[in-house]
Structure formats: structure tokens, C-alpha cells
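Each residue of the sequence shown is one higher than the one before, starting from 274 at the first, in this note's numbering.
Rather than coming from a laboratory, the hints here were simulated on the basis of the structure. Take these hints with a grain of salt, some might be off.
In silico DSSO-like pairs for lysine-lysine, Cα to Cα no more than 30 Å straight-line [what the hints assert, rightly or not]: (1) Lys420 - Lys407; (2) Lys367 - Lys407; (3) Lys352 - Lys340; (4) Lys440 - Lys410.
Computed spacing ranges between beta-carbons, pair by pair [what the hints assert, rightly or not]: (5) Ser353 - Val310: 41 to 47 Å; (6) Tyr372 - Lys415: 22 to 28 Å; (7) Ala369 - Ser314: 19 to 25 Å; (8) Met311 - Glu342: 19 to 25 Å; (9) Thr320 - Ile348: 18 to 24 Å; (10) Thr320 - Ile437: 38 to 44 Å; (11) Lys410 - Glu342: 35 to 41 Å.
Glycine included, every Cβ here is placed at the ideal spot set by N, Cα and C.
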Amino acid sequence: MYRFIETICINDGVIENLSAHDGRMNNTIRMHYGSSVMPVSLEDFITAEGCKGRTRCRVEYTSAIEKVEYFPYRIREVKSLQLVNDDSAEYSFKYADRYVLDRNFALRGDADDVVIVRSGMLTDTSIANISLYKEGKWYTPKYPLLKGTRRSRLLAEGIIEEDIMRKSVFLMQ
Numbered sequence: 274m275y276r277f278i279e280t281i282c283i284n285d286g287v288i289e290n291l292s293a294h295d296g297r298m299n300n301t302i303r304m305h306y307g308s309s310v311m312p313v314s315l316e317d318f319i320t321a322e323g324c325k326g327r328t329r330c331r332v333e334y335t336s337a338i339e340k341v342e343y344f345p346y347r348i349r350e351v352k353s354l355q356l357v358n359d360d361s362a363e364y365s366f367k368y369a370d371r372y373v374l375d376r377n378f379a380l381r382g383d384a385d386d387v388v389i390v391r392s393g394m395l396t397d398t399s400i401a402n403i404s405l406y407k408e409g410k411w412y413t414p415k416y417p418l419l420k421g422t423r424r425s426r427l428l429a430e431g432i433i434e435e436d437i438m439r440k441s442v443f444l445m446q
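Turn these sequences into a full structure, and let the hints guide you.
See the structure below:
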């Protein structure tokens, strides 16, 4: 049985992007446990009460919510990236088991994080989707490992656009 997670940012008592997290979670449940499982609303399980500043809410689930935890939201400073080729990298659902991401992160050398390259195309870092600025526009990989909730919102708002980001083009810039 697979276990999955949603990681939700709570900022000064406001739960961010909750409907997108609900959508991704319910899609994951439907894909792995069938359409007969009743949709779940994260609003019934998480609270922003007592959350000051930035808080990370981690929800672990199978066909139902299993665990909810709250942590201080710490943004890891990333100043350098290492490209790592992994044509077998698969993380289209936000699994609690991060083996694929951790295996690639271990290959970072002296860099702070990695950009995982699958089939010659840039995908994601070990912790986030990527966007690159080119000729006055922001672009995100058309084929990420995981379609993040913020990425989805920025696409819907027209702030970023999908593009095929080939490693060979990225290295030439």
C-alpha cells in the first residue's frame, strides 16, 4: 500500500492554496484506490489556529488521512545546483517514500541541490518545481516529475508557461 503526502504552507494563520492540495490529494486517492472512495477535504483535518509566521503542515494519507503534523517552515538556501541524469525517475504522485528524490539528491556533490534530468529534459529539483526566466517570460518544464500546486496555480494565472526544457539548451546558456 502506497502512502502519500501533501505539504501545505500556512502563512500567518492563512492556509495557502488549499483547493489545489485537495484536488491533487483526491486525484491521487482516486487513481490508487478507485472512484468509490469518498473525496476528502483537508479543511476537516488541518487548522491554522496558533500558526504564527510560516508553518509547514504535512499530511500523510492512503485512502484516508493518516497523520497531520506541523513544523516551522524552513526554506533551504540554494545557491548552486548539480544536473543529475536519471531516465528512470518517476515521482508523478507525492509519495511519502522519497527514495527517487533522495537517491538523486545524494549525487549533488558540493552543490546545494540537484536538477533531475529525465530523457535529456530538465524536470524538478529534489524539493521543488523549477522555473527559468528567458526573454521576458518565466517558463517551467512541460514534463516535471510532480505537478506542484503552486506551479499549477501560476500556469492557470498565466504567470509561467510550460516549455520543453532540454538539458543541451540549458547548458548552452
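Fill in: Holds or violated: Lys352 to Lys340, with C-alpha atoms at most 30 Å apart
violated (33 Å)
Worksheet item: Do Tyr372 and Lys415 keep their Cβ atoms within the hinted range of 22 to 28 Å?
Response: 25 Å Cβ-Cβ, so the 22 to 28 Å window holds.
Worksheet item: Regarding Ser353 and Val310, is the given constraint of 41 to 47 Å on their beta-carbon distance met?
Response: With Cβ atoms ~43 Å apart, the hint holds.
Item to complete: Take the C-beta atom of Thr320 and the C-beta atom of Ile437, compute their distance, and say whether it sits inside 38 to 44 Å.
Response: holds (41 Å)
Worksheet item: Within 30 Å, alpha carbon to alpha carbon, are Lys440 and Lys410?
Response: holds (19 Å)
Discussion item. A range of 19 to 25 Å was offered for this pair. Does it hold for the Cβ distance of Ala369 and Ser314?
Written reply: This hint holds: roughly 20 Å between Cβ atoms.
Discussion item. So if I understand the rule, the pair passes when the alpha-carbon distance is 30 Å or less; does Lys367 with Lys407 pass?
Written reply: holds (29 Å)
Worksheet item: Quick one: are Thr320 and Ile348 within 18 to 24 Å, going by C-beta?
Response: At roughly 23 Å between Cβ atoms, Ile348 and Thr320 fall inside 18 to 24 Å, so the hint holds.
Practice prompt. State, for the Cβ atoms of Met311 and Glu342, whether the hinted interval 19 to 25 Å holds or is violated.
Written response: With a Cβ separation near 23 Å, Met311 and Glu342 satisfy 19 to 25 Å, so the hint holds.
Practice prompt. Could you say whether the range 35 to 41 Å given as a hint is met by the Cβ separation of Lys410 and Glu342?
Written response: Distance hint for Lys410, Glu342 holds at roughly 37 Å.
Fill in: Straight-line alpha-carbon gap Lys420 to Lys407, limit 30 Å
Holds, because 21 Å separates the two Cα atoms, which is no more than 30 Å.
Checked against the numbered hints above, the structure breaks only hint 3 and satisfies the rest.
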